[in-house]
Structure formats: structure tokens, C-alpha cells
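Protein chains: 2
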Amino acid sequence: MALVVQKYGGSSVADAEGIKRVARRIVATRKVGDQVVVAVSAMGDSTDELIDLANEVSPAPPLRELDMLLTAGERISMALLAMAIASLGMEARSFTGSQAGVITDAVHGRARIIDVTPGRISSALAEGAIPIVAGFQGVSQTTKDVTTLGRGGTDTTAVALAAALRADVCEIYTDVDGVFTADPRIVRTARRLPRISYEEMLEMAACGSKVLVPRCVEYARRYGVPIHVRSSFSDKTGTWVMGHASEESEEAGMEQAIISGVAHDVSEAKITVVGVPDKVGEAARIFGIVAAAGINIDMIVQNVSAIATGRTDISFTLPDTDGQNALELLRAAQEKVGFQEVLYDDRIGKVSLIGAGMRSHPGISAKFFAALAEAGVNIQMISTSEIRISVVVSQNDVDTAVKATHKAFDLEADEVEAVVYGGTGR
Amino acid sequence: MALVVQKYGGSSVADAEGIKRVARRIVATRKVGDQVVVAVSAMGDSTDELIDLANEVSPAPPLRELDMLLTAGERISMALLAMAIASLGMEARSFTGSQAGVITDAVHGRARIIDVTPGRISSALAEGAIPIVAGFQGVSQTTKDVTTLGRGGTDTTAVALAAALRADVCEIYTDVDGVFTADPRIVRTARRLPRISYEEMLEMAACGSKVLVPRCVEYARRYGVPIHVRSSFSDKTGTWVMGHASEESEEAGMEQAIISGVAHDVSEAKITVVGVPDKVGEAARIFGIVAAAGINIDMIVQNVSAIATGRTDISFTLPDTDGQNALELLRAAQEKVGFQEVLYDDRIGKVSLIGAGMRSHPGISAKFFAALAEAGVNIQMISTSEIRISVVVSQNDVDTAVKATHKAFDLEADEVEAVVYGGTGR
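Protein sequence lines correspond, in order, to chains A and B.
For the numbering used here, add 79 to where a residue sits in the first sequence, where the first one is 1.
For the numbering used here, add 79 to where a residue sits in the second sequence, where the first one is 1.
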């Protein structure tokens, strides 16, 4: 008898029909003989509706209260899911994040999990009930206030519960059949990956794959929780995210692909600081200004200094939602830092090639850049890690770049396999 | 500096505008120099919408889960209210029933308050914040599960908090200007009572006045909490519910009215058990059957036994929502108990005359019955307490009976005073 933690996202429980479908799936898992713990998100767009209400009553809602408000969403979905399971003849009990022992720090809106003490969940399991846990939420260790975990928080709740309960697998139900070699909405022949390592999945997630958030994958890697990403709309096997999938493959005679997939991300913007005095500490000053505002920088490129001017240009990418804020901060510091100009471009996209196999295969970059050149795509920035190469291109070129790269590395499935279920593809 | 507990019902916080209006009122109270604790209900019809959702996923939702679901409603309204107050420049902190220390028994759907330990509320007050407490909800002492208090639960939350915090007053904001001598929708000249005793208010509430639920008045009486019922749509003084208002008036030279008001209730039904053997214990058996199903009986009338038959008829009233259930239980027991027939009538109404002054004034009943006779209203049942006389009449006669009684006892205001604000008059 395995212990399975199942996570259902908002699109899976968007309405009463969805909730009943999910209830049937949970009951079916139990009937096979497995124990089940469920983490569930708020219904469909209900979180957005609550945010709209908050904006109606306050121009800048306090984060403590926003967390209190938003956690009502999971409270509703989890209670309804427990009811739907009960109507199928099995006992289910819903638990808030606090009741489930999800202990966090006190940073409202993006709290980190400090500890998971799922005593009530274990008791419910021991008594034969199916515990339904509110995703996305916890309780602050110090203030005892309700907190939320931020984007993708329910995935993190599910993995954290799986780790604390020593579950055999954490099933993440979504509206696609798993992790694909590229976004199936761009590349129709994208292939489902039967297996991917935590490391590669992390790079995929960091580079724009929306299937899992990086934080959830990090958590799973740290505690060795196997994740099975699959569709709540079908019974197909999805993608297993586990330790060292590709290394094993490499040992197994290189039958597996060198490259896992192509990810893309159009949610970043590029800032170029022009004419920075080429002195020690100037870059630190610039990034210090941005970091102080809590903004995460992704890629950074610094040109070789023009000897004649003694000045250099520094470009970096950041979430486009932080763009205006960063621009204002930099402009306010222009005189102090002594640069000449700041340029802003939010019409960019990042295309990334990911694969643990590239570690031992030279020439991957060359092939990647050649494919882009052949497709007529101009590269603006480049950054690499041990198992990833990313380029920044014009946003208009992203689809072309993804398709060309996917084809160049022979990632196509023999037949069209991907089905995108929900409306949003999230 | 007084400590004021303010209760706002669902109609006061039905939308963003309502929430902002309530926030302004709370801030105004603080600016006068008083400390404020707020108990708030779910927004408008949101509780009904959640119940509809529950019915969509389950024919008989488990009560534990229904409580978990419904408490999401106050979570939303209290967080929004705290945000709206914050946007006016004052700190507000929302607290769930559990966080506010509202400890109950484990009877889901109609939990009783066992204890109130408002440590976090006191701390918030001490730190200068305005605590906003979720009405209607608590946490079970034994199971640690979330519970709800049933109908009028937020009034009870407010009074319980006021008692535990030794507040100077509990202000119950509603959409009428206070407690009136009769329902202003029936009697246009109904007069607002400036003051009424707990005892009279209890009788008014038990007899159909919708302004306060009996339970909340009982709680206030037990702990001596002064209640001020007033409108959230105006600044007018409302009605003070306090100890022995009428007795004081009597001492003060009888300037106050003998009668507080006329209440009516059309939510009851009448059951008549015909031909009950006139033996010791038969009535106990009949009411035992009904009581075992948790049904509350209101009035009971037993006719004098007809000597020829040795049989008697017993009539009683009960909430019409329990009518079918009681009928079925009685019919199932017909043979065992040995009565002849059960009759059911849900087209009845109860009209009650309430006033502590009637204790010392004979002839009140005679005057009441004469007024009804003159208006052509037939009396079906009569029941009295020390400060109340109730009659059951045909539902069609209720308005006529209320108007005639109100007039007979000179309860009219000199001018039309009552304004009903919200749509429902609740």
C-alpha cells in the first residue's frame, strides 16, 4: 500500500463538475488500495476575483490581510472537495494550512516553509479518512498569522506534505499530460518526457516552463520526493521528475536524448545601463540599487569597455512586472552612479535549451546558435549553465526560435501527442 | 475612553461600497477617542451562494465540511474590512473565530460558545490596532475543528466578545433604526423604542421580531452587556437593550408605556393531534416523539377531554420547516400512541403583545382580545407569560391583528418615523 500525495490545481476544480471529477479520481486511488492525501488550490479564477475585491476597497491592501483574504479560496475548494468525496461514500476531512502543520516564516505573500508537522493529517489517515489540505497557505511560526506561499504555492504544499509524510510519490495534476520537450502550443510535435531529473526540471522551470515552479522542484530534490506530473483530465502516465534521470540514461548506453527540451519565457524585460564608468564596484552599485528593492535579476551581460571612453554598457533581464520600478530607481541614482542613460525593452523573450547530456557533449552551443541563425533570429544576450544555454531574442522571434531549436535537436515526437486541456494551458 | 464592540451584518457589507462605508464609521468611532472591536458577517448573500455550491457537489454535505466552507464568507469580509480601514490610515487586523478565542462545543452548524479567550484581541487593542473578528464562527474545544454558531451567530459573537472584553457597549448595526413597537412594514406609524429590557427583548425576539436573535439577548442578559441596536445607514440613536428598563420606568412614575410592542411571526405551523386517549403520560409520549427529533415546540394547547369519548385533542405550534418531519414521525407512531388523526396547518401566524408593564396591569388580555374581535380576527390558540400574550390566528389575519393591537394600545408615533433601509428589511 503506497502513500500518494495528490495535488489538484485551480483549473481542475474550477466548478462543481470539476470538483466531482477530482473526487472520483481520489476515491479511485483509494479503491486501488493506496492511501491518499490531497492538496488543493482555490477554484478556477476565484483568487483573481478576491484580488479584484481587495483592489476595490484599498489601493494598497496590507499583505497580512491579503493573505487572510486569499486563503478563503482554498477553504472553499477543500470543503467542497471533502463533501464531494463524502457523497461517494468515503470520509474526507479538510484541513487549513495551519491545521495541517504547514509552518512558515512571517513574510506575507511569499512565505517560506520552515517546518511541516502533519500530526492531524497522520491521525486522519490512521482513522481511514482522506485528508484534504488547503494548498498555498501556512501559518507563521512567530506571529501565528495566516500566510501564503506565493505563486505555485499548492505544488510546494503538496511536495512538502509528501516529504513530511514520507509519501511514495507526489502526483501533480494539471491540464497537460506532463512535461514536454517544448510548449505544445508552439511546437505541435513536442514530445512528452517520460522522465526528467530534478536538475533539468529546475532549469526548465526557471526558463519559463509553467508546469512546475522552481521552488517546488527544489523542495522535492532536497527531500528526494518523486514527482509525477500528469493530467487530471486523463489516465495517461505523465512525466516523472526524479533524481538523476539523465545520468542513469547516459550510463545506460546513451540511448536517451542529450537534450531534454526547449523552454521559453516572455515575461522578462531587458534594461541596459549605458556609459557606466569602467571602475571597480560600479556594477555592484547598480545591482545593489535593484536588489535593495527585492527585484530578482536573471541574465547579466557586460560589454568590453571602449578604451577611448573608459565607459561600458551593462544589460540585464528582470521580471517585466518589476521593470518600471527598477527603471525609476536607476534613474534616481543616475547622477550618483554617473552613467549616461538607461534603456528599457519589454518586447524580449528568452529561449533556453536544457539537457544534462550537454555536459559531456561539446558543440551544443554552436548547433543551437546555427539553428537560430538559419531561422533568421538575432541573438541579443547569451547566458549558460552546466546544463542550459539561454538566449534573449526579440519577442516576435520567440516562436520561430523555439521551433527551429526543437527541430535542430531532433526532439520531435513521431506523432502529435500533446493535448492541452484547460483553457489557459496552465 | 470607552471600549465599543460593533457588529456589522451581511447587508451592511454587501459590496465594496458598503465595506468602505462601514470602515469610515469604525474610523470615526476611533477618532472620537473610543477603542473599537468589530464583529462582521459574510458579505450579502455570499453564505447562500456557498450553500448552493455545497448542494451542487453533495446531496447531504457533512456538517463539519459545511462549517469549513461557510466560514470562508467571514474570512473574506473581515479581510476586506481591515484593508478598507487601513486605506483610511488606521491599522486593523482581522482574526478568525479561532484566533479571537471563540471556543465552542463540537456541534457543527449550531455550536454553543463555551468560553471566549480574546488574548490576541486585547493585544491588538493594546498595540493600537482595530481588531476585526469573524462573526458566526468558533473552534471546537475538543476536536479543534472550525464550527459555526447558527442563525444570528454574528450578533452572538459580538455580545460574547463584549462580555469577555468587559466592553462598555455592544453596538449591533442593522438596516433599521432600532427596535420598533411593531414591524414598520406593517404598521407605518410604529414607534422606535428608545430603551427595552433584556426580558422584553427576549420575548420580542422569540415572538418573531427579527432584529436580534434570542440567544444573543440571553447572552447579553447573563453578562449584563448593554446592547445598542442602530442603523449602519444613519447616525441616529437606536434602541438600547439593557437591564430592567421598564421596571425603572415604572418606578419613575409610570411615564413609560406598559406595553413595549406587538410582534408577529408567520414562520410557524400548527399540528393538531386528534382523539388522544385521556390517560396520564399520553402528552409526554407525543412530545417525546417530536423532541427526540430535535424539534422545538412553541405553544401547546390541550382541550378539556370530552367525557363521552375519554379522548382529547392536543394542538401545538412548531417551526414550519420542521412540520413535515414531525408529521411523519407522529403518523408512524399513530398506532402505538392510539390517537385518531393528525391535522397540519402552516397558514397560521402568531401575534404577540409584549410589555413588562402588564405584570402590574390587569385587563391587558381582555383589551387585546377585544381589539382582535372588533377587527374580525378569530383566535385559534392563546398562550401567555408574565410579560407576554400570544395568539395564533389565520395567516391572512396577521396584518389586521397587528394593526388593530398597535392602535388599541396607543403605540403609534406622532409622525412616521421608521425607515427601512436594505432591501430585505432584515
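No lab work stands behind these hints, which were simulated from the structure alone.
Since this is a predicted model, take the numbers as computed values, not measurements.
A hint or two may mislead.
[As the list claims (entries may be wrong)] Facing chain A, a subset of chain B residues (Cβ under 10 Å, in silico):
1. G152
2. L159
3. T175
4. V353
5. G354
6. P356
[Stated by the list, open to error] Not close to chain A: a few residues of chain B, all C-beta gaps over 12 Å, as computed:
7. V92
8. I98
9. D124
10. L149
11. S177
12. D224
13. Q381
14. T388
15. K415
16. M460
[Said to hold, decoys possible] Ranges of calculated distance between the beta carbons of each label pair, as one might list FRET restraints:
17. A:I379 - B:M80: 29 to 37 Å
18. B:E96 - A:N457: 48 to 56 Å
19. A:D184 - B:E96: 57 to 65 Å
20. B:F366 - A:D94: 44 to 52 Å
C-beta atoms are modelled at their ideal positions from N, C-alpha and C, and glycine is treated no differently.
Tested hints:
The criterion of a C-beta within 10 Å of any C-beta in chain A is met by B:G152, whose closest approach is roughly 8 Å, and the hint holds. With a least beta-carbon distance of about 5 Å to chain A, the hint placing B:L159 at the interface is held under the 10 Å criterion. Given hint, B:T175 at the interface with chain A, holds; its Cβ is 8 Å from that chain's nearest Cβ, closer than 10 Å. Evaluation of the B:V353 hint against chain A yields a violated restraint, the C-beta minimum of about 41 Å exceeding 10 Å.
A cut of 10 Å between beta carbons decides the hint on B:G354: the least distance to chain A is about 43 Å, and the hint is violated. The criterion of a C-beta within 10 Å of any C-beta in chain A is not met by B:P356, whose closest approach is roughly 44 Å, and the hint is violated. Interface exclusion of B:V92 from chain A breaks down, the closest Cβ pair being 10 Å apart, not more than 12 Å. Its beta-carbon lying about 5 Å from the closest one in chain A, B:I98 breaks the requirement of being farther than 12 Å from that chain.
Non-interface status of B:D124 relative to chain A is upheld: no Cβ of that chain comes within 12 Å, the nearest being about 15 Å off. A beta-carbon of chain A comes within 12 Å of the beta-carbon of B:L149; the shortest separation is about 8 Å. Non-interface status of B:S177 relative to chain A is broken: a Cβ of that chain comes within 12 Å, the nearest being about 9 Å off. Against the 12 Å criterion, B:D224 falls within the reach of chain A, whose nearest CB is about 8 Å from its own CB.
Consistency note on B:Q381: stated as away from chain A, and its beta-carbon is indeed over 12 Å from all of that chain's, at 43 Å minimum. Every C-beta of chain A lies more than 12 Å from that of B:T388, the closest at about 50 Å, which supports listing it as non-interface. Interface exclusion of B:K415 from chain A stands, the closest Cβ pair being 34 Å apart, more than 12 Å. For B:M460, the requirement that its beta carbon stay farther than 12 Å from each beta carbon of chain A is met, with the minimum near 41 Å.
For A:I379 and B:M80, the Cβ-Cβ distance of about 57 Å falls outside the hinted range of 29 to 37 Å, so the restraint is violated. At about 52 Å, the CB distance of B:E96 to A:N457 agrees with the hint of 48 to 56 Å. The supplied range of 57 to 65 Å is broken by A:D184 and B:E96, whose beta-carbon atoms lie about 36 Å from each other. Taking the beta carbon of each, B:F366 and A:D94 are about 46 Å apart, inside 44 to 52 Å as hinted.
Violated hints, in rising order: 4, 5, 6, 7, 8, 10, 11, 12, 17 and 19; the structure is consistent with all others.
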